[in-house]
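Residue-level listing of the chains:
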Amino acid sequence: MNLNDKEVILHDMSLRDGMHAKRHQISLNEMVNIATAMDEAGMPLIEVTHGDGLGGASVNYGFPAHSDEEYLKAVVPKMKQAKISALLLPGIGTVDHLKMAKDCGVSTIRVATHCTEADVSQQHITMARKMDMDTVGFLMMAHMVSAEKIVEQARLMVSYGANCIYCTDSAGYMLPDEVTEKIGLLKAELGPDIELGFHGHHNMAMGVANSLAAIEAGCSRIDGSVAGLGAGAGNTPLEVLVAVLNRMSCHTGIDLYKIMDVAEDLITPMMDHPIRLDRDSLTLGYAGVYSSFLLFAKRAEAKYGIQARDILVELGRRGTVGGQEDMIEDLALTMAKARI
Amino acid sequence: MGKKLKAVIIGPGNIGTDLLMKMQRSEWVEPVWMVGIDPESAGLKRAQEMGIKTCSTGVDGVMEYIIKDDIRIAFDATSAYVHAENSRKLNELGVIMVDLTPAAIGPYCVPPVNLSEHAQNLEMNVNMVTCGGQATIPMVAAVSQVQAVDYGEIVATVSSKSVGPGTRQNIDEFTRTTAGAVEKIGGAKKGKAIIVINPAEPPLIMRDTVHCLTQDTPDQVAITESVHNMVAQVQQYVPGYRLVNGPVFDGNRVSMFMEVEGLGDFLPKYAGNLDIMTAAALRTAEMFAEKTADGSIALPARNSAKTIY
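So the sequences go chain by chain: A and B.
Position 313 (the first sequence) corresponds to 313 in full-length UniProt numbering; numbering is contiguous.
Position 171 (the second sequence) corresponds to 171 in full-length UniProt numbering; numbering is contiguous.
Quick caveat, the hints were computed from the structure, so don't treat them as lab data.
Here the structure is a predicted model, which means the values were calculated and not measured.
Please note that the accuracy of each hint is not assured.
To be verified - Quick list of in silico lysine to aspartate or glutamate cross-link-like pairs, DMTMM-like style, CA-CA up to 25 Å:
id: 1; chain 1: A; residue 1: LYS303; chain 2: B; residue 2: ASP216
id: 2; chain 1: A; residue 1: LYS298; chain 2: B; residue 2: ASP250
id: 3; chain 1: A; residue 1: LYS73; chain 2: A; residue 2: ASP119
id: 4; chain 1: A; residue 1: LYS130; chain 2: A; residue 2: GLU178
id: 5; chain 1: A; residue 1: LYS337; chain 2: B; residue 2: ASP219
id: 6; chain 1: B; residue 1: LYS190; chain 2: A; residue 2: GLU69
id: 7; chain 1: A; residue 1: LYS303; chain 2: B; residue 2: ASP219
id: 8; chain 1: A; residue 1: LYS6; chain 2: A; residue 2: ASP119
id: 9; chain 1: A; residue 1: LYS99; chain 2: B; residue 2: GLU173
id: 10; chain 1: A; residue 1: LYS337; chain 2: B; residue 2: GLU173
id: 11; chain 1: B; residue 1: LYS190; chain 2: A; residue 2: ASP96
id: 12; chain 1: A; residue 1: LYS337; chain 2: B; residue 2: ASP172
id: 13; chain 1: B; residue 1: LYS189; chain 2: A; residue 2: GLU69
id: 14; chain 1: B; residue 1: LYS189; chain 2: A; residue 2: ASP96
id: 15; chain 1: A; residue 1: LYS102; chain 2: B; residue 2: GLU173
id: 16; chain 1: A; residue 1: LYS303; chain 2: B; residue 2: ASP250
id: 17; chain 1: A; residue 1: LYS149; chain 2: B; residue 2: GLU123
id: 18; chain 1: B; residue 1: LYS184; chain 2: A; residue 2: ASP96
id: 19; chain 1: B; residue 1: LYS6; chain 2: B; residue 2: GLU85
id: 20; chain 1: B; residue 1: LYS161; chain 2: A; residue 2: GLU152
id: 21; chain 1: A; residue 1: LYS337; chain 2: B; residue 2: GLU225
id: 22; chain 1: B; residue 1: LYS161; chain 2: A; residue 2: GLU314
id: 23; chain 1: B; residue 1: LYS53; chain 2: B; residue 2: ASP70
id: 24; chain 1: B; residue 1: LYS189; chain 2: B; residue 2: ASP219
id: 25; chain 1: A; residue 1: LYS130; chain 2: B; residue 2: ASP172
id: 26; chain 1: A; residue 1: LYS187; chain 2: A; residue 2: ASP119
id: 27; chain 1: B; residue 1: LYS6; chain 2: B; residue 2: GLU123
id: 28; chain 1: A; residue 1: LYS149; chain 2: A; residue 2: ASP132
Let's have the full structure, built from the sequences with the hints guiding it.
Given below as structure tokens:
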């Protein structure tokens with residue numbers, strides 16, 4: 001594979017996707033310290049939001065230690081070169097949240113929908129573009145449909161004003177060939193004016209390999225998280241990806257040793273549990289289930305005595321999509337009843 | 001004899017047609033007119049075949065028949081943009097308006113919670129909130145009728161096929177309106193609403209999760225009883241309204257997991273989200289009719305009306 005002299009923007013998820021793994025309890029100090037250290041290491045883009053995006057604070061997804069507004073107001077002014085992004089899922093967050101984020105100095109907004117439901121993003125993408133933000137359409141659970149369907153949905157988001165489209169492997173299910181096919185078709189169909197991105201999860205240990213395939217097929221933005229702090233088995237570990245890309249002479253602008261130190265000295269000590277491929281996160285990848293279901297399934301196992309793996313497999317069989325966290329307790333109750 | 005109130009349905013789309021089919025079985029409301037704006041529309045043709053008078057020139061086209069045909073109830077299943085005008089014109093002639101659009105000019109109406117009050121006050125325009133609201137607010141109210149609820153949250157999951165372009169283009173309206181009604185009608189101090197659209201095939205039946213955070217330790221016995229009573233009340237007009245799990249108690253959290261299966265009149269059974277809107281709208285009109293028949297309210301007087309009760 002030849003990525004020689006390509007340039008790629010790495011986008012850190014540890015302070016947004018990592019919120020899932022931290023049950024949304026990252027402190028303001030931790031947010032600021034980590035973001036500042038990443039800024040110094042040359043990370044160009046850092047996402048700061050509730051794990052489920054703006055407005056995600058809820059019983060369903062978890063109440064965070066602080067509001068999106070508090071996190072953003074603490075982090076944004078401290079950045080020297082890094083830009084801050086925010087995630088928004090229509091149906092959870094609204095344009096009011098979007099305006100708040102813009103007022104806090106967020107420059108990139110990522111409007112996320114399930115990969116077949118792009119038309120719910122119209123009002124948010126249109127508004128973000130009107131406010132002159134870097135506007136990303138983020139198609140989640142992209143493993144569930146064909147490359148052609150992804151292109152069709154991406155076109156809708158582009159028509160509303162998105163300047164960048166993400167193919168998002170929310171379940172960590174994809175293997176490199178699928179990434180190549182989907183990104184390749186997006187590139188061919190959307191043309192050079194639309195930037196492409198890839199967001200991976202490490203549930204099949206394919207985070208780095210998939211990211212390389214994505215860059216080769218035409219992605220200029222890659223999501224990952226330092227030390228892999230993210231839902232499921234985490235996101236593509238960025239310090240590893242930087243090292244690999246250095247060896248391939250693909251440019252990220254990130255200082256490898258500094259980002260290694262952020263991973264080792266700041267993020268790893270903060271983890272509630274080691275971010276690793278245990279049997280439940282492997283099940284997510286294997287069964288194609290939304291990564292942030294992991295801790296909910298583990299909690300349901302502890303409470304109702306149904307194996308998390310069994311719950312996750314059943315959720316996959318039922319075709320659940322991102323945001324259906326409420327199904328997990330419901331399903332565990334139903335499975336527990338059936339067992340009696 | 002004569003107890004049925006005569007009705008006009010505005011908007012011959014999926015909702016209007018489903019409403020018409022339900023109304024044909026009603027003992028209290030009689031569908032007389034279906035109003036659209038396109039003479040070629042499939043909905044108007046269907047209504048004609050079902051023996052209903054149709055008008056393809058909007059509300060203006062039916063105005064001269066309102067008094068003549070003694071129309072007393074109107075259902076608006078068009079859009080928020082035209083609802084205000086439709087309502088004004090028909091209210092002037094003493095027609096009670098049941099609003100299925102997001103316009104919400106009149107008070108929110110969730111039948112088992114506050115319909116009786118609206119009917120008693122002869123509210124001339126009532127709004128049916130949202131599908132998620134109809135499915136969940138009764139549960140929030142069931143808890144808040146027992147003890148104070150600091151926070152009410154609802155998650156509505158609906159099949160992709162049952163969500164039309166109007167809702168998709170303005171999904172924020174769903175979350176805002178539903179959250180507002182969780183507070184106003186559900187009785188929660190603070191409300192939140194989430195909607196998730198799922199494209200699975202075969203389409204999933206509408207499901208709803210309701211979480212309440214009570215101010216004090218929840219009274220498990222009283223809340224459980226109140227929830228079951230409320231489910232039974234909703235089942236009177238939506239037989240497929242089911243409590244799948246719960247109430248589950250966890251500290252001050254009370255959670256109910258619901259499923260809403262429609263009757264499958266015109267809309268498919270999985271589209272419980274649409275069915276509960278049409279069923280609630282019809283139930284609303286029926287209560288006005290019942291209260292008129294038993295003399296507890298008097299409909300606006302009509303000089304030219306020669307109706308005999």
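Status of each hint after checking the structure:
For the hint pairing A:LYS303 with B:ASP216, the CA-to-CA distance comes to about 23 Å; that is within 25 Å, so the pair holds. For the given pair, A:LYS298 sits about 17 Å from B:ASP250 by alpha-carbon distance, which is consistent with the 25 Å threshold. At roughly 31 Å between alpha-carbon atoms, A:LYS73 and A:ASP119 are farther apart than 25 Å, so this suggested pair is violated. Between A:LYS130 and A:GLU178 the alpha-carbon distance is near 34 Å, which puts this suggested pair outside the 25 Å criterion.
Between A:LYS337 and B:ASP219, the direct Cα distance comes to roughly 23 Å. Compliance with the 25 Å bound is thereby established for this hinted pair. For the hint pairing B:LYS190 with A:GLU69, the CA-to-CA distance comes to about 19 Å; that is within 25 Å, so the pair holds. For the hint pairing A:LYS303 with B:ASP219, the CA-to-CA distance comes to about 21 Å; that is within 25 Å, so the pair holds. Of the supplied pair hints, the one linking A:LYS6 and A:ASP119 is violated, its CA atoms being roughly 33 Å apart against a limit of 25 Å.
Straight-line distance between C-alpha atoms of A:LYS99 and B:GLU173 comes to about 16 Å, which keeps the hinted pair within the 25 Å bound. Our distance criterion of 25 Å between C-alpha atoms is broken by A:LYS337 and B:GLU173, whose separation comes to about 37 Å. A hinted pair counts as satisfied when its Cα atoms are at most 25 Å apart, and B:LYS190 with A:ASP96 qualifies at roughly 17 Å. For the given pair, A:LYS337 sits about 37 Å from B:ASP172 by alpha-carbon distance, which is inconsistent with the 25 Å threshold.
Under the criterion of a C-alpha separation no larger than 25 Å, the hint pairing B:LYS189 with A:GLU69 is consistent with the structure, at around 22 Å. Of the pairs offered as hints, the one joining B:LYS189 and A:ASP96 holds, with about 20 Å between alpha carbons and a cut-off of 25 Å not exceeded. Restraint check for A:LYS102 and B:GLU173: the C-alpha separation of about 21 Å stays at or below 25 Å, so the hint holds. Proposed proximity of A:LYS303 and B:ASP250 is supported: the alpha carbons are some 11 Å apart, at most 25 Å.
Between A:LYS149 and B:GLU123 the alpha-carbon distance is near 48 Å, which puts this suggested pair outside the 25 Å criterion. The hinted pair formed by B:LYS184 and A:ASP96 meets the criterion: a straight-line CA distance of about 21 Å does not exceed 25 Å. A threshold of 25 Å between alpha carbons decides the hint, and for B:LYS6 with B:GLU85 the separation of about 21 Å falls inside it, so the pair holds. Pair hint B:LYS161 plus A:GLU152 holds up; C-alpha atoms about 17 Å apart against a cutoff of 25 Å.
A C-alpha spacing of about 20 Å is found between A:LYS337 and B:GLU225, which places the hinted pair at or below 25 Å, so the restraint holds. For the given pair, B:LYS161 sits about 22 Å from A:GLU314 by alpha-carbon distance, which is consistent with the 25 Å threshold. Of the pairs offered as hints, the one joining B:LYS53 and B:ASP70 holds, with about 14 Å between alpha carbons and a cut-off of 25 Å not exceeded. Pair hint B:LYS189 plus B:ASP219 holds up; C-alpha atoms about 18 Å apart against a cutoff of 25 Å.
Distance check on the hinted pair: A:LYS130 and B:ASP172 sit about 17 Å apart at the alpha-carbon level, within 25 Å; holds. Distance restraint check for A:LYS187 and A:ASP119: the Cα-Cα separation of roughly 21 Å lies within the 25 Å cut-off, and the hinted pair is therefore satisfied. Using a Cα cut-off of 25 Å, the hinted pair B:LYS6 and B:GLU123 holds, with the two alpha carbons roughly 17 Å apart. Of the supplied pair hints, the one linking A:LYS149 and A:ASP132 is violated, its CA atoms being roughly 28 Å apart against a limit of 25 Å.
Comparing the model with each numbered hint stated earlier shows that hints 3, 4, 8, 10, 12, 17 and 28 do not hold.
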